[in-house]
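Colleague: Given chain S, work out where chain U should sit, using these hints.
Protein chains: 2
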Amino acid sequence: MIIKRASSLGFCYGVRLAHKKVIEALNKYQRVNTLGPLIHNEREVKRLAQLGAIPINSLDEVNAPAIVLRTHGVRRDVLESAKKLAIKEVIDATCPHVAKAQNIANRFYLDGFRVVILGEIEHPEVQSILSYAPNAIVVSENLQNFNFDKGIVKKVGLLSQTTQPIEKLKILAARLVELSQELVIANTVCFATRKRQEAARELAKEVDAIVVIGGKASSNTKKLYLSLSSYNVAVYQVEGAMDLPLDLLKYERIGITAGASTPEWIIEEVESRLKSL
Amino acid sequence: MIIKRASSLGFCYGVRLAHKKVIEALNKYQRVNTLGPLIHNEREVKRLAQLGAIPINSLDEVNAPAIVLRTHGVRRDVLESAKKLAIKEVIDATCPHVAKAQNIANRFYLDGFRVVILGEIEHPEVQSILSYAPNAIVVSENLQNFNFDKGIVKKVGLLSQTTQPIEKLKILAARLVELSQELVIANTVCFATRKRQEAARELAKEVDAIVVIGGKASSNTKKLYLSLSSYNVAVYQVEGAMDLPLDLLKYERIGITAGASTPEWIIEEVESRLKSL
Chain S
1 MIIKRASSLG FCYGVRLAHK KVIEALNKYQ RVNTLGPLIH NEREVKRLAQ LGAIPINSLD
61 EVNAPAIVLR THGVRRDVLE SAKKLAIKEV IDATCPHVAK AQNIANRFYL DGFRVVILGE
121 IEHPEVQSIL SYAPNAIVVS ENLQNFNFDK GIVKKVGLLS QTTQPIEKLK ILAARLVELS
181 QELVIANTVC FATRKRQEAA RELAKEVDAI VVIGGKASSN TKKLYLSLSS YNVAVYQVEG
241 AMDLPLDLLK YERIGITAGA STPEWIIEEV ESRLKSL
Chain U
1 MIIKRASSLG FCYGVRLAHK KVIEALNKYQ RVNTLGPLIH NEREVKRLAQ LGAIPINSLD
61 EVNAPAIVLR THGVRRDVLE SAKKLAIKEV IDATCPHVAK AQNIANRFYL DGFRVVILGE
121 IEHPEVQSIL SYAPNAIVVS ENLQNFNFDK GIVKKVGLLS QTTQPIEKLK ILAARLVELS
181 QELVIANTVC FATRKRQEAA RELAKEVDAI VVIGGKASSN TKKLYLSLSS YNVAVYQVEG
241 AMDLPLDLLK YERIGITAGA STPEWIIEEV ESRLKSL
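First to last, the protein sequences are chains S and U.
Going by this note's numbering, the first sequence opens with residue 1, and the numbers climb by one from there.
Going by this note's numbering, the second sequence opens with residue 1, and the numbers climb by one from there.
Chain S with its partners taken away, still in its complex shape (with noise of 0.2 Å):
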């Protein structure tokens, strides 16, 4: 069996920088909150717990000297309360793109565009975007509840949560050209997830089957899975190596691909495993 990895893969650069951070504040505090998990990987957030990053659901549940802000950005009000919080530090481990995103959606708000937000509504990110252009509106990426307001609109503001693929959003892009006067278009699409699932689409050319790690939760594995489903591969979703199929001994050319949360010594641990078979 020959096993190959996508020429990128895993971690990307919110959430290697996220993870440094809650190791930095482990060094400094011994223990710390995150309000919610850090990331959509259960396991690494499991094992961050262990390490003493114990996640919490509200601000009322703090027990540590330093709460940390995950990748996905918290809403507004969220981190101003928690500056107030009587605790030692409050990091903000927003993405630096989410965090670009958050104050692009402001800066249409301000200028009086209407705000439109590619994204599922229900996901963090796009919710920690909408508390900085309220009533803005929210198209969900299969783009069918989308119910602009009847009539040209004057000036409209477009932006997509950062996990969102391009192709989505070129497409709301030309829908939306001849309902405003003047479109603003924020490409706010992570390149991360872009790059890992065009060399995802590489790897597919080359080997039969490909195993895509990632959580459960995690929105950008799931896309890069289904950027695969079009092609002429056998496609396996797996949370880590207890996941593998017994399907997949029938294959010669394994790829491995991961999403941006899923840390390195998972898809180390899938690795191992399919070489022992």
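Hints are computed from structural coordinates only; laboratory data are not their basis.
Keep in mind it's a predicted model, so treat the numbers as computed, not measured.
Identical chains blur together in the list; that is why a pair holds if it fits in one copy or across any two.
The calculated lysine-lysine pairs, modelled on DSBU-like cross-linking and capped at a C-alpha distance of 30 Å, are:
{"#": "1", "residue 1": "K154", "residue 2": "K100"}
{"#": "2", "residue 1": "K168", "residue 2": "K195"}
{"#": "3", "residue 1": "K155", "residue 2": "K100"}
{"#": "4", "residue 1": "K20", "residue 2": "K100"}
{"#": "5", "residue 1": "K195", "residue 2": "K154"}
{"#": "6", "residue 1": "K216", "residue 2": "K100"}
{"#": "7", "residue 1": "K84", "residue 2": "K100"}
{"#": "8", "residue 1": "K46", "residue 2": "K20"}
Modeller: Frame of chain S; chain U shown alone:
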């Protein structure tokens, strides 16, 4: 034979306004010059010349107390030179929609955007817009000469020559989304062009043949003609009654439409001739 007019045809707002300005100027000065043909309709331009509105090719040729700058707009430097002429009045008959496109192009340019204009580089309107956004990239309507700088551009400002089809602007917008960090799109496509195209397509469902009346040099007339090409109807483009083909005798129901620079008297001439068949 049944003759049916499109619900929207002929002179648009900008042309009507320019025409009115020329007539008013003639009442005031008896003789005026127009810089280039006022509109893209040779026969109407000839008729106006007989009334005293003489087209000239450059400012050097001025020999009237007033000069009219035509609907397509003129280059910025030409406007400034015109204002310095030793004549009584410079009458700016630039279509308000074109003037808006010029202003937007200029704003994009001053705000540091890489300006992209959808249109044919030879079109006088594109030339006038270009003078307000030096070094803008002009993308022709076949979208084939699209040679954007490699790599991602930070700020791109897209606008359209006013008579381009909105569909082309949508396609170009979608392409530019992924080549830019921030893309501003001004939908400067004139509604009149679109309205005439939609009315013509509606008419296509009710008739066997459609006669499109307009000048040979009229871009919007050509597009009106092309927009009917995929419909199950015979289409003929004529400059006036003299061009009507005998072929039309075989049709029961004939539709009439006309470009934005086609005067009512030519439409009536064609209609009468058809009725007499």
